[in-house]
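Colleague: Take a look at the letters that make up each chain.
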Amino acid sequence: MFDDFFIRALVAGIGVAFVTGPLGCFVIWRRLSYFGDTLAHSALLGVTLAFTMEFNIAISVFIISSMIALILIQLQKKTNLPGDALLGLLAHSSLAVGLVVIGFLTFIRFDIMGLLFGDILAVSVDDLLIIWIGGALILLVLKLIWKPLFASTVNYELAEAEGLNPDRAKAIFTILMAAIIAISIKMVGLLLITGMLIIPAAMARNLSSSPQSMVIYSIIGGLLSVIIGLFTSLEFNTSSGPSIITAALLLFILSLFKIKQSIKLKN
Amino acid sequence: MSIDQNILVKLNDAGLQLNNKWLVKGVSLQVEKGKIVTLIGPNGSGKSTTAKIALGIYKKIDGSVEKYTNKVGYVPQKISIDWTLPLRVNDFMMLTESLNKDTIDEALSLTGVIHLKDKNLGDLSGGEFQRVLLARAISKKPDLLVLDEPVQGVDFTGEIALYELIKKISDELSCGILLISHDLHTVMSATDHVVCLNGHVCCSGSPMDVAKNNEYKALFGEQASQILSRYEHKHDHIHTDEGEIKKN
Chain A
1 MFDDFFIRAL
11 VAGIGVAFVT
21 GPLGCFVIWR
31 RLSYFGDTLA
41 HSALLGVTLA
51 FTMEFNIAIS
61 VFIISSMIAL
71 ILIQLQKKTN
81 LPGDALLGLL
91 AHSSLAVGLV
101 VIGFLTFIRF
111 DIMGLLFGDI
121 LAVSVDDLLI
131 IWIGGALILL
141 VLKLIWKPLF
151 ASTVNYELAE
161 AEGLNPDRAK
171 AIFTILMAAI
181 IAISIKMVGL
191 LLITGMLIIP
201 AAMARNLSSS
211 PQSMVIYSII
221 GGLLSVIIGL
231 FTSLEFNTSS
241 GPSIITAALL
251 LFILSLFKIK
261 QSIKLKN
Chain B
1 MSIDQNILVK
11 LNDAGLQLNN
21 KWLVKGVSLQ
31 VEKGKIVTLI
41 GPNGSGKSTT
51 AKIALGIYKK
61 IDGSVEKYTN
71 KVGYVPQKIS
81 IDWTLPLRVN
91 DFMMLTESLN
101 KDTIDEALSL
111 TGVIHLKDKN
121 LGDLSGGEFQ
131 RVLLARAISK
141 KPDLLVLDEP
151 VQGVDFTGEI
161 ALYELIKKIS
171 DELSCGILLI
181 SHDLHTVMSA
191 TDHVVCLNGH
201 VCCSGSPMDV
211 AKNNEYKALF
221 GEQASQILSR
231 YEHKHDHIHT
241 DEGEIKKN
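Chains A and B supply the protein sequences, listed in that same order.
Residue 21 in my numbering sits at position 21 of the first sequence, and the numbers go up by one each step.
Residue 165 in my numbering sits at position 165 of the second sequence, and the numbers go up by one each step.
Calculated from the structure, these hints are not laboratory results.
As the structure is a prediction and not an experimental result, all values here were calculated from the model.
Hints may contain errors.
[To be verified] If you anchor each label on the Cβ, the simulated ranges turn out as follows:
{"id": "1", "chain 1": "B", "residue 1": "171", "chain 2": "A", "residue 2": "253", "range": "37 to 43 angstroms"}
{"id": "2", "chain 1": "A", "residue 1": "213", "chain 2": "B", "residue 2": "153", "range": "26 to 32 angstroms"}
{"id": "3", "chain 1": "B", "residue 1": "115", "chain 2": "A", "residue 2": "258", "range": "25 to 31 angstroms"}
Idealized CB from N, CA, C, for every residue including glycine.
Turn these sequences into a full structure, and let the hints steer you where they fit.
Modeller: Have a look at this one:
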């Protein structure tokens with residue numbers, strides 16, 4: 001059944017969408033879009049590392065992205081630069097360093113476009129295992145830290161005062177972000193992963209009135225984007241990442257017609 | 001464990017320094033089961049800071065804080081919820097602890113906002129939101145309640161009713177309450193212990209003791225002193241009338 005590359009891509013994409021749905025909601029709630037971008041850009045370094053050391057891509061991307069997240073936290077403590085400047089600094093420099101390193105690795109043929117924008121042909125049975133097992137682990141951990149993470153997203157001091165340990169939840173969430181980028185990089189490509197996190201969740205925000213319903217709509221939006229996007233990719237021979245993200249955008253535009261009234265009333 | 005089993009939280013000479021400036025310094029106080037401790041003082045005197053120290057929100061403090069319970073309900077002075085979160089009152093009630101429907105309904109009824117249960121949190125008025133905050137804090141039946149100006153923005157009749165509710169909760173759940181309030185009128189009748197802050201503890205004791213204190217008079221004026229003593233008097237009066245609900 002997994003012999004067909006398209007079936008593999010579909011199964012992989014569905015697995016990714018189940019995880020990006022709930023994580024994407026937190027990315028929106030906690031205003032982490034650019035943080036996600038930074039981790040994703042740094043993934044290129046992880047990919048080059050994987051090629052030079054003949055290592056699994058997902059694992060090395062996970063390691064590098066986690067390291068970048070740690071460096072970011074340290075820089076935030078030690079410097080007086082604003083958060084967005086640090087994010088930009090890390091994002092672009094790690095992307096640049098990654099591309100420079102690729103330039104040196106002339107002995108390996110790189111599909112840069114596939115790396116940046118996703119390549120459904122590249123999804124192997126091993127990748128499927130990583131996506132589904134890794135994805136299940138991410139969701140399990142997210143469920144365990146849901147309460148402290150959500151409470152501290154609403155109000156940090158309330159969560160801290162009532163004994164929920166929000167700092168630990170935040171640190172674990174950062175690792176989950178690195179993990180989702182690692183497992184979805186082949187499907188969506190590193191330039192567009194954040195889109196997969198944000199756009200279905202943004203669509204879901206337009207339709208929902210409670211956090212739980214937003215998570216569910218976000219998953220549904222992600223699944224539809226993957227399915228529509230991959231069929232388009234197959235039909236028109238376009239890169240899988242841009243096709244999926246374009247499908248997500250269309251769903252978002254449709255959702256604008258159903259924005260919950262309560263938001264409008266406030267302004 | 002503490003030697004005295006009734007102590008819920010105890011501050012020993014606690015203080016907080018930020019950017020070489022003392023926000024509050026040398027505060028010692030303790031909150032016991034079933035007792036209401038009220039912090040009073042002018043703006044910027046360190047009331048909220050002291051409450052946060054007691055809650056353990058600040059990590060790098062001077063002195064020490066001993067907390068003997070993890071069942072805490074907190075009503076912060078300021079809280080802003082932004083629209084990126086779709087959050088109904090019902091979801092907010094379960095923010096830090098999962099509660100069943102009856103518990104939530106009971107707490108919301110007590111503070112008079114049960115009709116708002118399915119409303120979006122962002123659509124509430126200031127007073128309504130304050131009632132929801134209080135309902136959330138009491139719904140988990142905490143051992144320790146920290147209430148930082150819990151009735152701000154609530155209408156006058158509601159204010160009195162909520163203070164009565166707070167007193168009732170303290171008696172029924174025998175939980176300790178650390179209360180911050182500006183209006184001396186309503187609060188004092190129920191308070192067991194008053195701590196008057198002005199960057200440090202300027203005086204403390206029963207409402208009556210504090211009212212007589214000269215530093216307190218200097219800080220708040222003669223009139224405020226009369227308010228305190230008057231309510232202390234009223235307090236006595238209530239004792240003789242409805243002895244069964246008052247201790248002592």
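Colleague: Run every hint past the structure and note whether it holds.
Modeller: We went through each hint and held it up to the structure:
1. B:171 / A:253: 37 to 43 angstroms: violated, 57 angstroms
2. A:213 / B:153: 26 to 32 angstroms: Check passed, 30 angstroms falls within 26 to 32 angstroms.
3. B:115 / A:258: 25 to 31 angstroms: holds, 26 angstroms
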